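Produce the complete structure using the sequences and hints provided.
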Amino acid sequence: MAREWPLWEIFIRSQNGLNHRHVGSLHAPDAETAIHNARDVYTRRKEGVSIWVVRSADITASRPSEKGPLFDPAEDKVYRHPTFYDIPDDVGHM
-9 MAREWPLWEI FIRSQNGLNH RHVGSLHAPD AETAIHNARD VYTRRKEGVS
41 IWVVRSADIT ASRPSEKGPL FDPAEDKVYR HPTFYDIPDD VGHM
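Residue numbering for the sequence shown follows the numbering used here, starting at -9 and increasing by one per position.
There could be a bad hint or two in this list.
[Stated by the list, open to error] For each label pair, taking beta carbons as the anchor points, the in silico distance ranges come out as:
1) Asp76 x Ala47: 40 to 46 Å
2) Leu60 x Asp20: 31 to 37 Å
3) Asp76 x His12: 32 to 38 Å
4) Val31 x Val81: 34 to 40 Å
5) Glu37 x Leu(-3): 21 to 27 Å
6) Asp76 x Ala21: 21 to 27 Å
Just so you know, these hints were derived from the structure itself, not from any lab. The structure presented is a predicted model; accordingly, all values stated were derived computationally and were not measured. We treat Cβ as the ideally placed atom computed from N, Cα and C, and that holds for glycine.
As structure tokens, then:
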């Protein structure tokens, strides 16, 4: 019986974007092949400038049901909120 290739999650950074966006998944034997296949499948119109591939098995996610215990402690750290800082107008992408 043939072994199935691992599943890879694909993230593309667009021409005018600053961050990578999840666009889909594909099967490939290794990361390099996954990048080449992702380029062919997800950037046919040259809209991407960068591709990230991550094995699906390597992703660990939090549970939405645990949102409170995970994120509530951040409310105690008011210094993390940008309300105390004056950001100059010439600073982009904030």
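**OP:** Would you pick out the hints that fail for this structure and give their numbers low to high?
**Re:** 6
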